[in-house]
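Using the sequences and the accompanying hints, generate a full structural model.
Chains as they are written, first to last, in our numbering: chain A, 30 to 339; chain B, 30 to 339.
Quick caveat, the hints were computed from the structure, so don't treat them as lab data.
Don't take each hint at face value.
Copies of one chain are not kept apart here, so a pair can be met inside one copy or by any two copies together.
To be verified - No farther apart than 30 Å at their CA atoms in a straight line, the calculated lysine-lysine pairs in the DSSO-like style are these: (1) K117 <-> K214; (2) K99 <-> K227; (3) K99 <-> K336; (4) K214 <-> K227; (5) K221 <-> K117; (6) K336 <-> K227; (7) K227 <-> K117; (8) K336 <-> K221; (9) K99 <-> K221; (10) K99 <-> K117; (11) K117 <-> K336; (12) K214 <-> K99.
Here the structure is a predicted model, which means the values were calculated and not measured.
2 protein chains.
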Amino acid sequence: MESIRVFAPATVANVACGFDIFGFAVASPGDEVVLTRSETPGVRITDIIGDEGRLPREASRNTAGISIQKYLQHIGQPELGFEMVLNKQMPLGSGLGSSAASAVAGVFAANELLGRPLTPLQLLPFAMEGERIACGSAHADNVGPSLLGGFVVVRSYNPLDVVRIQTPASLYCTLVHPDIEVNTKDARFILKNEVSLKNTIIQMGNVAGLIAGLMTPDYDLISRSLVDVIIEPVRSILIPEFNEVKQAALDAGALGCSISGSGPSMFALSRDADVAERIGAAMQQAFLAVGITSEAYVSEINQQGPKVLA
Amino acid sequence: MESIRVFAPATVANVACGFDIFGFAVASPGDEVVLTRSETPGVRITDIIGDEGRLPREASRNTAGISIQKYLQHIGQPELGFEMVLNKQMPLGSGLGSSAASAVAGVFAANELLGRPLTPLQLLPFAMEGERIACGSAHADNVGPSLLGGFVVVRSYNPLDVVRIQTPASLYCTLVHPDIEVNTKDARFILKNEVSLKNTIIQMGNVAGLIAGLMTPDYDLISRSLVDVIIEPVRSILIPEFNEVKQAALDAGALGCSISGSGPSMFALSRDADVAERIGAAMQQAFLAVGITSEAYVSEINQQGPKVLA
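Here is the structure:
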């Protein structure tokens, strides 16, 4: 096999209460990579589609490129040559795990082309290197679920310990991306370094409740647990109409609604595909009330992670 | 029925990572209440055994007494008369949920005598009133599991939301109570009111991991998650030889070991009864190395909660 086309999914990180530890994959949107073996050593990006020229073309400065480079170093074959076309199928700076999806698609494609020397879980550290250059920290709450599929807990970073959580068969995600931009670094910068013990206890209760709700499954418990008292009150000020959009989602039947990753996208969970569609329409309408256009995506939780396209 | 004898179990609150939100019940020790209907209105304590005269005999100042009084007010029958004998079968100020077990035994007994007008879950707020006068705050992480049995998450206090978590059939608790005393109010007073965001994230990861580990079940995940970076580093200074005793438990095969409630008792979890016994001996030996005698208790997780004795 000399060439391969791989899709890696967008992801919702944090999931209300689980800042830096929870994330799940969706069916769409996502990014595509076409990776081709080359005689010339090293990783070269021949084209990036859909980024309006904003992403670095230099492989070592691109999330997908650096992930493949780190992977090749690890398996002891840094001299191998690859040409990559990156097809960005979702907005940048959206809170949908755009950089993670590119990194995962890239490193997954390379591993497939080389006959799968590593398992998906073993690819995680290399995809995290992509996050490091994109966001300033090698966080795993987007690359984890994009790579492994499903709902993922990053239990620990040191040592890295990623746990996949079973989710109910009927659990739908509505994603709405307003056409505004929030920089991930800014979104992290405004957070306080200290949390009250009181709020830590409240948040831990919701973290425990959400995991128990997903695994039981118990939709009411999921709903009661989709509450973030630490991050959302701070970051939501970066999203115009946040409270109105959230309320519109809840009124339309959402189990819960919060910021996707560092925003500005917002996600809502529900237990029915039709309800999930209605939630999307209601959220878009609420944004539109102040003149903000948006894109909506509805899907089940993506249990597969990356996939090789025909 | 005019008289009833009820046992309510001791409990391990916090369970390493779950400060104020996690607790589970053990088979022993526990407290017993004998409650008898009386012609004289109100709750009277006729005897308390095993407290060396340290607990208040006045019903409204006693955890079991106040719980029954609040319960009778709630069901609209404050004029009913009861005489209570409280048999304390575990040390006071031990971190084993002594006050909770008394409160639960009392209110459970009253509800049984009156033909069960309320469910166990509905009794919770009255048992919490016992905690309020014993510890200064109406926490639920001891009374919850003592009343409901099993492993309990207090997801929220406002509104009160208590969730029972399934635990593996083979999960054993070793409890060791050193013959020293730590006041619950002191143990709470030394805690800081602020937690770093970094430690909050680490603790949330362990909270999620412990719930997932218990429900899967996955003993390795349980073991990796039994880590407390917020409370244990502060409170353990109140327990002589804490680090040595903990290490002795881990060396003897414990999945994890930490402070039971506010201490000074320490608990360890394991997946085998023989190992649990060996852990107890090793922990007692480590305390004895500095001249501290102790009591050890080994039991499975108590799934039943309070029980009526013949």
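Check your understanding: Hints broken by the structure, by number, lowest first?
Key -> 5, 6, 7, 8, 9
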